[in-house]
Every structure is written in structure tokens, then in C-alpha cells.
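Peer 1: So you can see what is in the structure, the chains are spelled out below.
2 protein chains.
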Amino acid sequence: MSAPHPKAASTQQKLLRARAASAQMALLSTTEKDALLLTIAAAIEAGEKTILAANREDVETSGLEGAMRDRLLLTSARVKEIAQAVRDVAALPDPIGETLAEWTKSNGLRIRKLRVPLGVIGIIYESRPNVTVDTAVLALKTGNAIVLRGGKEATRSNQRLVEIMTAIPGMPQGAIELLDSNTRQSVHEFIKARGLVDVIIPRGGAGLISFVTENSTVPVIETGAGNCHIFVDESADLDIADRIVINAKTQRPSVCNAAEKLLVHERIAPTYIPRIVRKLGDAGVEVRGDGKSRSLAAGLNIVPATEQDWHEEYLRLCMAVAVVANLEGAIAHINHHSTKHSDAIVTSIEKNARKFLREVDSAAVYWNASTRFTDGAEFGFGAEMGVSTQKLHCRGPFALAELTSAKYEIIGTGQVR
Amino acid sequence: MSAPHPKAASTQQKLLRARAASAQMALLSTTEKDALLLTIAAAIEAGEKTILAANREDVETSGLEGAMRDRLLLTSARVKEIAQAVRDVAALPDPIGETLAEWTKSNGLRIRKLRVPLGVIGIIYESRPNVTVDTAVLALKTGNAIVLRGGKEATRSNQRLVEIMTAIPGMPQGAIELLDSNTRQSVHEFIKARGLVDVIIPRGGAGLISFVTENSTVPVIETGAGNCHIFVDESADLDIADRIVINAKTQRPSVCNAAEKLLVHERIAPTYIPRIVRKLGDAGVEVRGDGKSRSLAAGLNIVPATEQDWHEEYLRLCMAVAVVANLEGAIAHINHHSTKHSDAIVTSIEKNARKFLREVDSAAVYWNASTRFTDGAEFGFGAEMGVSTQKLHCRGPFALAELTSAKYEIIGTGQVR
Chain A
1 MSAPHPKAAS TQQKLLRARA ASAQMALLST TEKDALLLTI AAAIEAGEKT
51 ILAANREDVE TSGLEGAMRD RLLLTSARVK EIAQAVRDVA ALPDPIGETL
101 AEWTKSNGLR IRKLRVPLGV IGIIYESRPN VTVDTAVLAL KTGNAIVLRG
151 GKEATRSNQR LVEIMTAIPG MPQGAIELLD SNTRQSVHEF IKARGLVDVI
201 IPRGGAGLIS FVTENSTVPV IETGAGNCHI FVDESADLDI ADRIVINAKT
251 QRPSVCNAAE KLLVHERIAP TYIPRIVRKL GDAGVEVRGD GKSRSLAAGL
301 NIVPATEQDW HEEYLRLCMA VAVVANLEGA IAHINHHSTK HSDAIVTSIE
351 KNARKFLREV DSAAVYWNAS TRFTDGAEFG FGAEMGVSTQ KLHCRGPFAL
401 AELTSAKYEI IGTGQVR
Chain B
1 MSAPHPKAAS TQQKLLRARA ASAQMALLST TEKDALLLTI AAAIEAGEKT
51 ILAANREDVE TSGLEGAMRD RLLLTSARVK EIAQAVRDVA ALPDPIGETL
101 AEWTKSNGLR IRKLRVPLGV IGIIYESRPN VTVDTAVLAL KTGNAIVLRG
151 GKEATRSNQR LVEIMTAIPG MPQGAIELLD SNTRQSVHEF IKARGLVDVI
201 IPRGGAGLIS FVTENSTVPV IETGAGNCHI FVDESADLDI ADRIVINAKT
251 QRPSVCNAAE KLLVHERIAP TYIPRIVRKL GDAGVEVRGD GKSRSLAAGL
301 NIVPATEQDW HEEYLRLCMA VAVVANLEGA IAHINHHSTK HSDAIVTSIE
351 KNARKFLREV DSAAVYWNAS TRFTDGAEFG FGAEMGVSTQ KLHCRGPFAL
401 AELTSAKYEI IGTGQVR
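Taken in order, these protein sequences are the chains called A and B. If you're matching positions, the first sequence starts at 1 in this note's numbering and goes up one per residue. If you're matching positions, the second sequence starts at 1 in this note's numbering and goes up one per residue.
Just chain A, with the same shape it has in the complex (with noise of 0.2 Å):
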């Protein structure tokens, strides 16, 4: 490890920063919050060209191509829909504040909990800069510092966002702090900093998200590994199967509410399998079979499954097919391989898809709609932090509400027990 540049804030200062800011933004108005949004989205407008010339750097200097250039890849087009999404963010309501109950007490003691920001939020992430933005803003207007350690292809491209954001007049200095992309070092700290960070989301590949839950003292919530089932019911109207197939596989396949999984009822497989096999092949996807699917497909383009493919979150054009005997089947199979993100059932019978959406212990469960609505703007949040697979906390999309904690207030006239 190198000296850090004389200039240079330590991971620990930033911290600290953040911290002191925290107080400050928890007292800002609503009117205060989004007039500093408002700014900021007009300063990306107009720092367009220094902000795509960074990018370019980043792009070039990565060397990445294809899914993953595109991924970091910054045009004036999306700096606009990045300053347009800032807006969007002010102009949704502000939590802060909200009471959440309200009552009396027999002894007259006035109890109210009420909505209070989370004080620091830190973001682990990679690639795209636009979350560099979208994250910032949704803090901003819960009140909270947020402290962001983006990935090291962004470097440039994060440096200058977060200069144009926390250049704003009115900024509290230590509202958003950008820790160093280069060194592994300051995500060590960062996870550490329990007392100083009050809450660490990752966002990124399994690697990312199992080395911060494992590691991390700071509360954690954890985002986004999505292996996505669509169980096919024997009562399922096809075409609509189809679709849903179909879309939830292909329309953007490297996305954690993609489909990875498709159960198909026995009853129905012998007509389903085939057919479905032959569609997926033509959307150029890959497909991965069970014994019974294989011999249902005979002939057409379908390759065994292994064990660990059950498991496994594909996030490109492969999906692997397994017929189940029944209602129950598909269940068991998803509470046992399944991320607990979203998983769906396509049946035309609404006592089995009750029963699916009850006992499917996932964050999201649809009926006769495709995974890929699982998403904060889809949801109707506006943005979203990310999408929680833990159960505390937060459950599923997550934007606005969850970046915030409560407080009790106790007023009374000398009461004492």
C-alpha cells in the first residue's frame, strides 16, 4: 500500500465527514432538500461535455466492450436522463418527518414515532455512473450523508459527478463523499465503520454482496442475486405462458428480475416442453434441461442440467427447464433454490396461484405477469436504492421509505413510574 497523496482525505476522514454532515442534513427543510436537488440536476446538465469526457477516459482507458462497456458508457442522452431522474426525485414526497403512530397514554404521556433519515448510508457498487447520481439524490432527500465507493473502471466519471454534486452552494461539506475506487483498502475500512455508517448496501455480482455480508459490522442490506422461476401450471393458459417466458427470459437478460428457472407442471409438459423449448431456441436462448424435459424435446436444442444449475444465477440468454409433478413440486423447488427475490406462477386456477403466492417465500411472487416488474419505477417508487433479498429492514424494491429509520417522542408533565 502506498502513502496516501498529501491532499488526499483518508478513508477514515471522509467517514468522519460524513458523519458530522449526517446532523446537519437530518435538520434541513423539504423546501431546503430539493432546492439543492433542483441545482443539482441543472449543474449535470451543463457539465455535460467535462462529465463525457471523463467517461470517454473510463471507457477507453477499461478496455471493455460489449454488455460491459455499455454498462459504463456515458452519452449526452443519459446525462440527461440522469438529471432528469434527480428531478423526478424532488418531486416525489419527502419522508422525513412523517408521524408514523400517534397516541396517549393513560398517565397522559403524549407518544409520537415519527420518520428520522438513517444518518449515514453507504454504497458499495460498480460500473454504472448513473448510480453515482441516483443514489446521492435519494439520500439527499431523506436527509442522510451518503458515502459512496463506486467500481475502479468509473473512477473518472464518479470523481466528476460527485465534484458537480457536492460543488452545489448550500452543500454541506461531508453530504456525499466518494472513497478511493483503487484500493481494496477502503472498502475494508468502509465495512468496519460500525458507529459511523449507520447502513452498507452492496450492489453488484455475488462476489461483491457475499464478501460485504460476510465481512461487514455495519447493518447490511442485501441486494439483488435474482435465480427467477416461472412455474408453468397444468391449468396455464399457453399464450400467456408464452409471453411471459419469453420476456422474463430475454427482454434484458443480465438483470437480477430476469428469469433464469422454468417449472413446468407434468401434466401439461408433454405439449408445454416441446413448444417452449423451440421458442426460447428462436430467441436465441440457451436451454438447459432436466431428464423429463430432455426427452419431452427430443431432437430439438436442449443440453443436460447439472445439479448446480439449479442454483445458479445465469444473468445471460440460458434458462434451464425441469418438470415438476405438481403445485407442490414447484413450490419446494423454488423455496430450495430460489434467491428469494421474485418468482411466478402462470396458471389460470386461482386456488393454486393463492396457494403459490403464500407459501413461495420470496420477495416478490407474481401471478400471470412477468418477473421483471420487480423494480422501484415499476413499483411506482420513483427510483430505487436496489432491490432487498433479506428480510430485515427492507424486502424487495427499495427506494425513499427505507433509506429512513424512527424516533419516539415523549412529552409529558413531570410523569415518572
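Check the hints yourself; a few may be wrong.
For chains that are exact copies, the list does not tell them apart, and a pair is met inside one copy or across any two.
[What the hints assert, rightly or not] Cross-link-like lysine-lysine pairs, in silico, DSS-like; alpha carbons within 27 Å at most:
1) K152 x K192
2) K152 x K80
3) K113 x K355
No wet-lab data here; the hints were simulated from the structure.
Fit chain B to the known structure of chain A by using the hints.
Peer 2: Quick look at chain B alone, frame taken from chain A:
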């Protein structure tokens, strides 16, 4: 470490049983759960003799005396109280299945957010055997399985109570698991069981809590440490101040919501410091003070406080007193030294109270009332799992609602993106 008894299940086996049980527990109806609870209450009363016999053995073996012995001791009256607390929980509304939000999107998708159980609740606690039953029934009421790891000194009492609860007809196997309290190994395996256990709640001394928060890979709800403050403002009604200070310090000094520190506005300090130091002394409290308090209370019983005193949770009849320049000084002192549990202001000026309530960053903030009210039963929750001093998931006293998570049910007619 000696080999486990051949018949005894290992920690891992118990955790797996609890995981399996949680799926069954989640499907129990309110009627079924309340019936289990009422049967537990009756069985505890019927088993009083064997419970008291087991407890007597624990008390004798422990060699504990005084307050520590009292925490461990069960009596006929206490067994009846435990049974009554179970009936109280049975009478509370069941939060599971409650619709938290519901809306229809423009594309016709119907989205419902509902309360579901967390899954497997873990608790690590010390001494008091009533915690075994209190926490188990809160978990059962909310459709969760629970894994208990009690203190070594209460081994036989806890075993007997768990035997009685698990022997109830209809109780799913694994719904209540008790880990070995004689080795640290069970704690180590417990806090690393991410995926099997959904949350671990440490209840006990600062050492236990920091060990669990530092080492657990399972999400934790940090409870309990309470370095609670009372600030007597210049405009305070001094009779109210006396009553609150004496009550918060002396009514039950060993608990987390007892006051440990007293801050006095410098304008009122010359009158109030000698007065309260005398009253605290009369109540048997050891008083420590900063330089200003000591000179104002010259001749009275007050010893010097060190820097360590301002951070310490005494949990006994000891209180440190400091003079602060003004309201801002009091808020800054509290936010720097408190454990963010419960802090109070005594004042007649509403503006000062509002500023204190807003700016003190603690789970419970009081105006003219004793900090001793921070408690699930006092807040009207019927019971409590503990008092959370972290901001994630829940803050302050928590009970049934906080033992739940959420799930999104999405119903469509073939919608895709």
C-alpha cells in the same frame, strides 16, 4: 471441547429443524397460533413444581447473590406472571397477513405489500428465565420459529420451560429450539448461520452485544446499552426536575432506561446542583461531577468524574453531573456521549423542548418525563423483545410488528415489459 451427547442434536441440526419449522409456522392461522399460546400458558401453570425445582437447582449451583440471584430466581408468583404474559400476547392482534399497501398500476397489475414472518428468530440472552417464554411466544404469535441461547446459570430452568412449550400438542417440531448454554461453540455457530437464521437479537451486557455485532454474519438487532441523560434547562420547574431525576436514576438502576447522567444549564446550576446532589445522596446515589458541579456542591458528597464516566452505563446507583453552557451544549454533549437510547429535557420553554426532541439523535427523546418509560409494555405494545439502539429495521422498544418482514404479491393478466 468434549464430544456431544450421542442423543443430543448438534447446533447445526437444531438450526436446520428451526428453518424447516419456520415454513410450517408461517402457514398457521391466527386461531391456531393463539390456541398454542393458551395451551402453553396452562402448561406452564400446571408445570410450576417442576419449573421451580429446576430453577432451585440453577440458583443453588450458580452461587449468585443479591440482584444477580434475584434476576435468576423464579417463584410461584413469577411463574404465574410468565403464564399471564403468554395470555396477554395471545390477546394481541396478529400482524401477519396485514396489508401494508395496495395499488393498481396503469397496466392493470395489482400490487399488494403484506406482512409475513421473518422466518427464524435467534436470541442470545442472560439470566432471566422469563425471557425464554416471553420471546418464544412473541415469535410463535408472528409465525416465526425461534432459536434460544440462554445463560449458563439458567440452563435447567430454560430446559424445563422449553420442554413444556415444545411438548404442546400441535407444536411443530423445531418451532422452539434451545442451544447448549455450556459452550461458546453454540454461539459461534449460531451467529455465523446466515441463510438459516434471519435475525439475531443479543440481550445482555455490553460485552455480549459487541461480540455479536462484531462477529455475526446473520443480520443483528442491537439492543440495550443505555447511557441515558437528563438535561435540566434554565427554565425547568425544579420540582419536576427533582422527581424525574430521582425516579429515572433510582427506581430500577440496573435497567437500560435508567438515567446515568445529569446535565444542568449554567444559569440554574448554582441553585440546582447543590439541591439535587443532596437529594441524590439522600437516595443512596454515588454522585460524580465535573469541575463546575463540584465547586457548586462544595462540602457535599461528590467525587470527580473522569472522561470515562461520560461514556459509561453504570447500571447501579451512581450518577455523573455536568454543567453545560446552554441547550446547544447539552445537545452536543448527549449526541457525543449517549448510546442513542433515551434522553430527556426538563424545561418550561416549548421552543427549547422542540429543539431538543428534534436534534437529540436517540431512539426515545423525552420532554418533562422520566426515561424509564422506554419499554414495550409502557409504550402499550403488550410485551417486548428488547429495545433497539440501532437505526436499521427498528428503533426503540420492539415487539410483534418488528418480528415481521414484508412480501409483494403481484397479480396480472399476462403483463410483460
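Peer 1: Indicate, hint by hint, whether the structure satisfies it.
Peer 2: A quick look at each hint next to the structure:
no., hint, result
1, K152 x K192, "within (21 Å within a copy, 31 Å between copies)"
2, K152 x K80, "within (24 Å within a copy, 62 Å between copies)"
3, K113 x K355, "between (36 Å within a copy, 16 Å between copies)"
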